[in-house]
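Chemist: Construct the entire structure; sequences and hints are all you get.
These protein sequence lines map, in sequence, to chains L and F.
Residues in the first sequence are numbered from 5 upward in steps of one, following the working numbering.
Residues in the second sequence are numbered from 61 upward in steps of one, following the working numbering.
What the hints contain is simulated information worked out from the structure, not anything from laboratory work.
Just to be clear, a hint being listed does not mean it is correct.
Derived SDA-like pairs: lysine to any residue, alpha-carbon spacing no greater than 25 Å straight-line [what the hints assert, rightly or not]:
1) L/Lys378 x F/Leu347
2) F/Lys251 x L/Lys335
3) F/Lys90 x L/Ile383
4) F/Lys258 x L/Thr25
5) F/Lys90 x L/Gly43
6) F/Lys251 x L/Leu142
7) L/Lys47 x F/Val276
8) F/Lys213 x L/Ser138
9) L/Lys377 x F/Lys213
10) L/Lys377 x F/Ser346
11) L/Lys418 x F/Ile105
12) F/Lys213 x L/Asn314
13) L/Lys377 x F/Pro250
14) L/Lys47 x F/Asp260
15) F/Lys251 x L/Arg29
16) F/Lys213 x L/Phe60
17) F/Lys251 x L/Gly43
18) L/Lys47 x F/Lys213
19) F/Lys90 x L/Ala28
20) F/Lys213 x L/Asn370
21) L/Lys97 x F/Pro250
22) L/Lys378 x F/Tyr350
23) F/Lys258 x L/Ala28
24) L/Lys418 x F/Ser346
Bear in mind that the values here come from a model prediction, so they are computed numbers and not experimental data.
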Amino acid sequence: MARNTEDVTSDAKTVRLSAATRRARQRMVDDGGTPSLRGTIIKIILLGIADAAAFFVSMLLVAKHQWTYLAGVVIVTLILNFIYLRRGGLPAKYLSPGVLFLIFFSFSVVVYSAFIAFTNYGGQHNGSKEDSISSVELGAMVTDTNAPWMDVSILEDGNKHFYFLASDNMSEFAADGVTPVPHYYLGGEDFNATTGWHEITGDELSKVSYGAGLMGYDIATGYEGFTTLTIDQVTQEGAKFATLKVPLSAQIDTDGWMALDPSAAGVQRTYYDAKYDAATDSFTRLSDGTVFKADNSQGFFISESGERLNDTGWQTVVGLKNFNTIFGNEKLRAPLLKIFSWTVIFAIASVLSTFILGLALSLLFNDDRLRGKKIYRAIMILPYAFPGFLSAYVWKGMFSFEYGFINFNILGFKPGHGIPWLAEEGAAKWAILLCNLWLGFPYMFLITTGALQAIPAELTESAVIDGASAWQQLRLIKLPLLLVSLTPLLISSFAFNFNNFTIIYLITGGGPSGDPSLGVDVGGTDILISFVYKIAFSSSQGADYGLASAFSILIFFIVGGLSLIGFRRTRFLEEVTE
Amino acid sequence: MSTVVEETYDRKVGKRRMSPFRWLATLGWKHLVGLAVCVYALFPILYIISVAFSDSGDISGGLFGSFTFKNFEQLFAGDDPDRPFVQWIINTVWIASVSSIGSVFLSALAAYSFSRQRFRGRRGGLLTLILLQMFPSVLGLVAIYAILSELYKYVPALGLNSPWGLILVYLGGSLGGGTYLMYGFFNTVPKEIDEAAKIDGATHTQIYFQIILRLVSPILAVQMLLSFIGISSDFILASIVMNKPDQYTLAVGLGLFIDQPYSKNWAMFCAGAIIAATPIVVLFMSLQRYITSGLTGGAVKG
Chain L
5 MARNTEDVTS DAKTVRLSAA TRRARQRMVD DGGTPSLRGT IIKIILLGIA DAAAFFVSML
65 LVAKHQWTYL AGVVIVTLIL NFIYLRRGGL PAKYLSPGVL FLIFFSFSVV VYSAFIAFTN
125 YGGQHNGSKE DSISSVELGA MVTDTNAPWM DVSILEDGNK HFYFLASDNM SEFAADGVTP
185 VPHYYLGGED FNATTGWHEI TGDELSKVSY GAGLMGYDIA TGYEGFTTLT IDQVTQEGAK
245 FATLKVPLSA QIDTDGWMAL DPSAAGVQRT YYDAKYDAAT DSFTRLSDGT VFKADNSQGF
305 FISESGERLN DTGWQTVVGL KNFNTIFGNE KLRAPLLKIF SWTVIFAIAS VLSTFILGLA
365 LSLLFNDDRL RGKKIYRAIM ILPYAFPGFL SAYVWKGMFS FEYGFINFNI LGFKPGHGIP
425 WLAEEGAAKW AILLCNLWLG FPYMFLITTG ALQAIPAELT ESAVIDGASA WQQLRLIKLP
485 LLLVSLTPLL ISSFAFNFNN FTIIYLITGG GPSGDPSLGV DVGGTDILIS FVYKIAFSSS
545 QGADYGLASA FSILIFFIVG GLSLIGFRRT RFLEEVTE
Chain F
61 MSTVVEETYD RKVGKRRMSP FRWLATLGWK HLVGLAVCVY ALFPILYIIS VAFSDSGDIS
121 GGLFGSFTFK NFEQLFAGDD PDRPFVQWII NTVWIASVSS IGSVFLSALA AYSFSRQRFR
181 GRRGGLLTLI LLQMFPSVLG LVAIYAILSE LYKYVPALGL NSPWGLILVY LGGSLGGGTY
241 LMYGFFNTVP KEIDEAAKID GATHTQIYFQ IILRLVSPIL AVQMLLSFIG ISSDFILASI
301 VMNKPDQYTL AVGLGLFIDQ PYSKNWAMFC AGAIIAATPI VVLFMSLQRY ITSGLTGGAV
361 KG
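Modeler: Take a look at the structure:
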C-alpha cells in the first residue's frame, strides 16, 4: 500500500514514476551493497562490545539466580547478533538500537504502569510472597522467657563449625535452695552434621574443663578436642555470632534453637512464635494458636477475626480495587472532584491567559513602523528561555510572605501584613497562575506572531478597503484564521498544563494542606499529577504505587484523547499515513 | 534588504513630520506597552541577579542594594559536603551530553530507516512512536521507579541511584521524541543522492554515515542542543532516580538551597541559578530561529 502511493520527492517538485521503476529503485536502496573490510571490522568490534556487556550482565544474573531475566538477556543478545551478522534486513539494522531502548524504557513503562494500576504495589506491598513470609518469620522470632538462661562458651571444631557449651545454673538447686546443681549442654550449629544439642552426662563429663563464671559459680569453659574462643575473638565478630543458631533438635522450626544474648555471655532458647505452613498457606501463632490465612487478594496474612499478622505484605493483583477507590470512595469523592476541577481550571486559565497576552502583544508588535522590535522580542522571550524549574523556584521565593519581593518591595506591605500568597488557597492559586502567565506568554507570543504573519496581506487590505474597523478585522478575519492554525497548539498546550507537575510541585508543593482526616493529603493547589506524585512518593501513609498508577492511566486517557483530537486537526496523521 | 526599506521609510517620515500627538496615538503607546511588558518579563530575572550579588540574600532595601561576589565564591569553594555545587554541574553536563548525543544518534538511525527503507510495519511503527510520545514521562514515574529498582537489585550500575540508570530512561524517551521530527528532515534530502552513491558502489553504512548524516548535520546539532536544554532542565525524573546529594543534577540539587527565602542560602541559590541558567538562555536565544520553527510543528517546551 505504502509502496504504491510512495512519491519520490525532491524538495518542492514531485516526480511521478511508473510503479515498476519505483519498485526497482526501492530494491536498490534496500540492498545494502557489498560490505567493505573496514566496515566489517568496525561492525565486529561494536558487536563484540555489546556482547561483552551482555555477558557481564548475564554473569551478574547467574550469580543472583535470576533465570527468567537471564533468558531474556540471552534472547535479546542472540537476536541482535542475528540482525547485524546476516546480510540484508537493513531496516532492522537501523531500527533495533532505538527500538531496544524504546521497548525497555518507554513501551514497558506504559505497559507496566497499566499493570501496576491493577495491583496493590506500594510501600506496604513491595515484595514477593516469599519475602513477606521470611520477614514475618524474622519478626516472630522470640526468646523463650520460661527457658533457663545459661552461661556459655563458644567452641570451634577442626572443621570451623561453632558450638555452644552451656552451663545451666538456674534449673536445679541443692537442699539449701541457693547452691545450684549445674547441668551442662553441648551442641553445634547443624544438628545433623555436627554434634547435636544434648546434655553432657556420665563419662562425657570428664571431657569438660571448668573455669570461673560471671555469677560466681564454676562453668564449663572447654571440651576435649575443641578450641574455646576468647572473649576478644567473639566480640570482634559479634555480628556473626549474634545470628548463630544451635538447633535444639532436627526440627528447628518447631523446637527452636539456642541463641546468644546481646552480652554474648549467655544463651537462651529462641523460637518462631508464628510458623508458616506451606500446605495450608497460613501462619499459626504458637502463643495463642490463632491461624492467619494468606489472603492473596489483599497481600496480607489475616486471622478469622480480621487481625493482620504482618505490616509488610506482598504484591498481588487486586483487580479493579484501585479504580473503585477513585470512583467509589464516598469520602474521597468531594476532594477528588475538587482536584479535578482545579486541574481543568488551571489548564484552561493558563492557556487562555497566556494566549490572550501573547496575541495582544503580537498584534501590537506586528507593525512595520515600530522601531526596536527585535529588542522587545528578545527581552520578551527571556522568561521562556529561562529554565522552567528555576523560574518556579524563583517565583516561590518572590511570593514569600514576610519580606517577599512581591509583598514587601512591589506591593509595599509591612512585614506580616501582606497577602499570604502560598499559605492561603485562593491566593496560592493566583500566585501559580501569575507565575505560569509569566512562563507561558512568550511561547504564545511567538506562535501567534508566526501565524499572524502567515495570514495573506490581501485579506486585511481588502477588509480595510471595505471599511472594516481594526476590531472587526481582528474578530472577523484574523482571529478565525489564527484559530484554525493554532487550535492544535492550544490543545497540546492544554495537555501540557494539565500535567504541569513542575510548577505546582516547586511553587506550592500542592499546598496548603487540606483536611488531614482524609488519610491522603489533598492540597489546595494540587492538580491530578502532583496528587499522584504525593500518593506514590511522599505520602505519610506509605506509598501506594497501585493507586498512583490507576490515576496515571486515567490521566493518560484524558490527555491522550485530547491530543488525538488536536492531532487529527493537523495534517500530522495524514502525513504519516501517506 | 530590510535596511533599505527602513531608510526609504525614514526619509518619508522626515518629509511629512508626524505631530507628537499623532506619534503617541499610533506608535508611542505601543512603546509604552512594550516597556511595561519588558518590565514584567525582566523583573524576576533582575530580582535573582540582585539577590545573587547581595550580601545576605536580603534585598528589602531595594534591588542592587549591595554588590558582592561572595555567594559565587562560596558556591565554588565546595566546603559544604551536602551541597557539592561543582559536582552538580559536572553531573548535569555529562549526563545531559551523553543522553542528548545518544538520543540524537538513536533517533537519526531510526528516522533514516523510516524515510528511506520500505518494510512491513513501517506505518504502524511511526504511528506507535507518535502515540508513545503522548504518554508524558511524568505519568510513568511509578513504573520507571519500579523498573529501575528492579534493575538496581541485579545490575546496580544501571539502576536507581546511578547516572547510567537516568541516562537509560532519557534514551528510552528519545525515539518517541525526536524520530518524527528527523523523519521530516531526512525526507528533504533527495533520494537520488542515495541511489547515485549506490550505483558508485557505496555500502549502506557509507551512504548513511558519510553522505546523508553530513548533509543533515547542522540540523542534528540543533536537535542535540535542544535535547541538551531539555534534559538539563529536567527536574522530575532526576529527582526520583537520584537519591544522594553528590549524584544530583543542578535541577534537583539547587532545590536544597531554598528552604528559606531571604537567607544566606537563598542568595547562594540565586547565584547557582544564574550559573545554571546562563548557558541555557544563551543556547536558547542563539537557537531561537530553529525553536520557533519547531514550535509551530507542535512541540511544547517541557
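Chemist: Now tell me if each hint is right for this structure.
Modeler: Do the hints match the structure? See the list:
1. L/Lys378 x F/Leu347: With a Cα-Cα distance of about 15 Å, the restraint between L/Lys378 and F/Leu347 holds, given a limit of 25 Å.
2. F/Lys251 x L/Lys335: Distance ~63 Å between F/Lys251 and L/Lys335 Cα, so the pair is violated.
3. F/Lys90 x L/Ile383: holds (15 Å)
4. F/Lys258 x L/Thr25: OK: F/Lys258 and L/Thr25 at ~16 Å, within 25 Å.
5. F/Lys90 x L/Gly43: violated (62 Å)
6. F/Lys251 x L/Leu142: violated (68 Å)
7. L/Lys47 x F/Val276: Status holds; Cα separation ~23 Å.
8. F/Lys213 x L/Ser138: holds (18 Å)
9. L/Lys377 x F/Lys213: violated (57 Å)
10. L/Lys377 x F/Ser346: holds (17 Å)
11. L/Lys418 x F/Ile105: Within the cut-off at roughly 24 Å; holds.
12. F/Lys213 x L/Asn314: Between F/Lys213 and L/Asn314 the Cα gap is close to 24 Å, so the pair holds against 25 Å.
13. L/Lys377 x F/Pro250: Since the Cα atoms of L/Lys377 and F/Pro250 sit roughly 38 Å apart, the hinted pair is violated (cutoff 25 Å).
14. L/Lys47 x F/Asp260: Roughly 22 Å separates the two Cα atoms, so the pair holds.
15. F/Lys251 x L/Arg29: Holds - the C-alpha atoms of L/Arg29 and F/Lys251 are around 10 Å apart, at most 25 Å.
16. F/Lys213 x L/Phe60: Holds, at roughly 15 Å.
17. F/Lys251 x L/Gly43: Given pair F/Lys251, L/Gly43 holds - Cα atoms ~23 Å apart, limit 25 Å.
18. L/Lys47 x F/Lys213: Status violated; Cα separation ~32 Å.
19. F/Lys90 x L/Ala28: violated (61 Å)
20. F/Lys213 x L/Asn370: Not OK: F/Lys213 and L/Asn370 at ~59 Å, beyond 25 Å, violated.
21. L/Lys97 x F/Pro250: Answer holds: L/Lys97 to F/Pro250 is near 22 Å, not above 25 Å.
22. L/Lys378 x F/Tyr350: Holds: L/Lys378 and F/Tyr350 sit about 17 Å apart, inside 25 Å.
23. F/Lys258 x L/Ala28: holds (13 Å)
24. L/Lys418 x F/Ser346: violated (42 Å)
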